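Student: Could you build all of it, start to finish, from the sequences and the hints given here?
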Amino acid sequence: MDLFATALPALGQAWALILQPDVLGHLVLGVVMGLAVGVFPGLGGIAGLSLLLPFMFGMDPILGLALMVGMVAVVPTSDTFASVLMGIPGSSASQATVLDGFPLAKKGQAARALSAAFTSSLFGGLVGAAFLTLFIVVARPLVLAFGLPEMLMISVLGLSMVAVLAGRVALKGLAAAGLGMLIGTIGEADAGGSLRMASYDIPYLTDGLKLVIVGLGIFAVPEIVSLLRQDRSIAKDAKLGAGWGEGVKDWVANKWLSVRCSLIGVVVGVIPGLGGSVVDWIAYGHAVQTTKDKSQFGKGEIRGVIGPESSNNAKEGGGLVPTLLFGIPGSGSMAIFIGAIALLGSGDIEVGPSMLRDNLDITYSIVWLLALANVVGTVLCIAASGGIAKLTTIRFTYLAPFLFMLISFAAFQSGQNFEDILALFVIGLIGIFLRRFDWSRPAFLIGFVLSNPVEKFSNQAFQIASFRFRSSFSDGMDYIFSPIVIVLLIITVVSVVLGLRQAKSIMAEGDVQSGSKRAPIVFLLVLMAYVVTALINANMIPDYNMTDKIVPLIVGGVTVTALLILLAQMILRPETDTIFADKEMAGEDADAPYGLWSTLAWFAGLIAATYVLGFILALTGFLVSFLRVRAQAPWLKTLILTAAGIALMCVMAGALNRDFPPGLLQGVVDLPWPLK
Amino acid sequence: MTIKQLATSVAAAALLASPALAEVDFSGKTIEWVIPFSETGGSAKWANFFAPLLSQELPGNPTVVVKFMPGAGSTKGANWFQEQEYEDGTVLFGTSGSTQFPYLLGDPRVRYEYSDWTPVMASGTGGVAYLNPTDGAKFDGSANALKDIDFIYGSQGATRLDLVPLLAWEMLGMNVEPVFGIKGRGDGRLMFERGEATIDYQTSSAYLGASAELVTQGKAVPMMTWGALDTDGNIVRDPTFPEIATFKEVCEATEGCETSGEAWDAWKAFFVAGFPVQKIAFLPAGTPDDVAQTFSDAFDAVRKRDDFATLAAKQVGKYEVFVGEGALKATKTGTTVSPEAKAYVQNWLQDSYGVSLK
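Keeping their order, the protein sequence lines are chains X and H. With the numbering used here applied, the first sequence covers 63 to 738. With the numbering used here applied, the second sequence covers -15 to 342.
Rather than coming from a laboratory, the hints here were simulated on the basis of the structure. For clarity, every value in this text was computed on a predicted model and none was experimentally measured. Careful: at least some of the hints might be erroneous.
In silico DSSO-like pairs for lysine-lysine, Cα to Cα no more than 27 Å straight-line [to be verified]: (1) H:K51 with X:K272; (2) X:K317 with X:K354; (3) H:K13 with X:K738; (4) H:K167 with X:K272; (5) X:K738 with H:K51; (6) X:K452 with X:K311.
Tutor: Right, here's the structure in full:
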């Protein structure tokens, strides 16, 4: 093949381009900036790249690429800090990491979890680059083999991970996933534009809820509130156990898991249109299924960190394929990346089908810059992890106000509406109760994430399949049951069967005691009320927009059925049954010195004050009163901490040119920037 | 009159009264160019392309940053811009065909009024439709032999820019079934490449970047362009693709397709809003003339750069960039349709796709 004959010299040229002091300097600069941006949950690569964009015009292409690639590459690495240390999923790439990473931090093993995660990330990035070097020249036909039925099957495979993560009562997991899917359908339907559980009078809802907000609400808010109520440090007894060397050893012990998950990451990343949303869950599911003793998952199993972290960085490499070969960005940051490449130099690098033919050396440079950036980023992160892990020994009451500050800001950045913060609060409430009554939160999130792909791909595949069937029966069958679909189908069935068998031993919420009947039944009835309302609402969509109503109707139907069976079981079974799990009956939450509502009121207060005064003024008041009243800090400490918090927000937002949520006050008076 | 308005008018009066101060200078300032779409779309590309060039040409070389405010099919950002008042010329807003169409079709979310704003630059694009090779072999410059074939097309939605190709194909008597819900024209092209879709269209720059390659490899056959407008408002061949016939020519050659009458008028009206005047940069309501003129001059200097043609060809296509009076005129044509054309398209959307914008 003559392509390979050109590939080798191009690879050589690529290395010659990369290994220049100038280029490496820019790479390191990009990495450092990427790390700084990435530790902030919810900002991610898009914000960082937008910041670089003005400088790209006419810049030497290889220098510009080094800067940008350095930045993009480390965001999925550095967001691990937030997900492991604080239980805050910084981006869709780090959601599965939270499941076991945060419990490890609570056990005082934050440094171990972090370094295992970073080593896995690094390895995943390198595997991704090596794989791509070979794969990229032959990728095109393979990528084109993934049509709509194949993408639907991958989404379904992702959804099947619910079986593994369903928790002790499988029906509750199923219902949680169904609820997540229904919440994912809120807004204007992609296909026909019908509104589901939304109205043009509330424009916010027509766009649906953002993943960042749901991720933060479901995982971060409940954990923050719970820890704050207990008034302790994240690491129990404020002690740090295993250090960073331990984590590297963990990775060595699990290197084959890491290899497999990296390959999963590259392959799924290559498929355009799916992106990162499924890959970490598939990797997590795989990690669970291949572990003999599953009892530690959800409580701090290091394999639960290594699996998803190996895949999420490998995925970034895979994502380059659709981006560079087809000019179709796999994510928001890739879209800016494409735009920025066109600005570089004299603008003659053109992303798309001609990229491989005309710029193979540049293509390889990008692939290996990505790998190199991973190495630099990982080394920096591991070096920092021991120190940063100390955060988990601080009394949480001092940390919490800043976490509320960070997640509110992150939520606001997702859409720049005040409603974003409100939505965070509401989803946070759902998360708190899902956690309290032991309904699987991962299942809910998987449902939410995959709601849109499942709906979109099934509608589109159905439409094209019926078109094929009209021309001939065998055409239609060939289309639906391609070899890839059949293989994926088998994997899905196997993983569901295995998953259901294993689910009982995986307790994402730990061992939750059962108590009285009343509270769990009330929560179930509330869920049922929402699902029934959503069903009625979907049914009101006229029939000619069948594409917009079919998925909510089916998902809602299944969810209601699951809820009805649960209700029957609840009525029949004694109140000691696991079905009545309630964290408020026994354990940490029940013994917490502070109540749920009084703790939540602080967060509500911040939101309400923001609505009136705008974010920065509200935040100042919130920090001062929280530190004085709740944390009982002396005045000096209060003022220093408050000033530090505000300064951090301002520097970050100022550098990235981001706004703060304005309030009613800002509508009346013109104020200068941070107060604006 | 609020304090702000008072201050603005005092400032404006001061500017007018003292010619020495009339020099608009943006030194040390940051101009925010707000785009009502996400970072991934064509409008982002357009603004990111112009922003650094604009920065070089504006007096005082201010930093020009592009800000994204996506939501509700771009109506969120446009509604926001409607509420902005002129302060110091540091807010610029960019709209696209996707902002124009809801406005023209009477979408209930639209609370903005184009005629309130001050256009300073407008630019257009073209579009090319193409067929799969099997059906493309039957294309002879007319759609006569394509009428009994069922086509499938990956579409973003009937009320978006896709309205123009869908209506054109219908006027030609072709049976094109749209698969709705794709996220961008790139996804549509991928669907075509996988053989799932059998007909496709791309805007000029996307066509040049990827689809032209398919044509070279014999995997696609160009069918027609939407054309371009000459100075008298007639549809002529697209300067980027002079070798490809326009929809008008294909329509004339096809039995049953009329280049006059209400269907044609409606198509043409929406074509003009969607393509030749697709993207417009605005300053807010109440912008003083000298500030508007400064921006207009800066864009004029941008388009007159020696390397502009080469830079633009790759990024936004070889199409005219209108400034000043030209931009004003273009905006007027791009944002007005006759009530008949509006009613025709509304009925067609309702009958063919069950879409009602009420």
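Student: Indicate, hint by hint, whether the structure satisfies it.
Tutor: Each hint, compared with the structure:
1. H:K51 with X:K272: Holds, at roughly 19 Å.
2. X:K317 with X:K354: Satisfied, since the Cα-Cα distance of roughly 16 Å is no more than 27 Å.
3. H:K13 with X:K738: holds, 17 Å
4. H:K167 with X:K272: holds, 16 Å
5. X:K738 with H:K51: With a Cα-Cα distance of about 16 Å, the restraint between K738 of chain X and K51 of chain H holds, given a limit of 27 Å.
6. X:K452 with X:K311: holds, 21 Å
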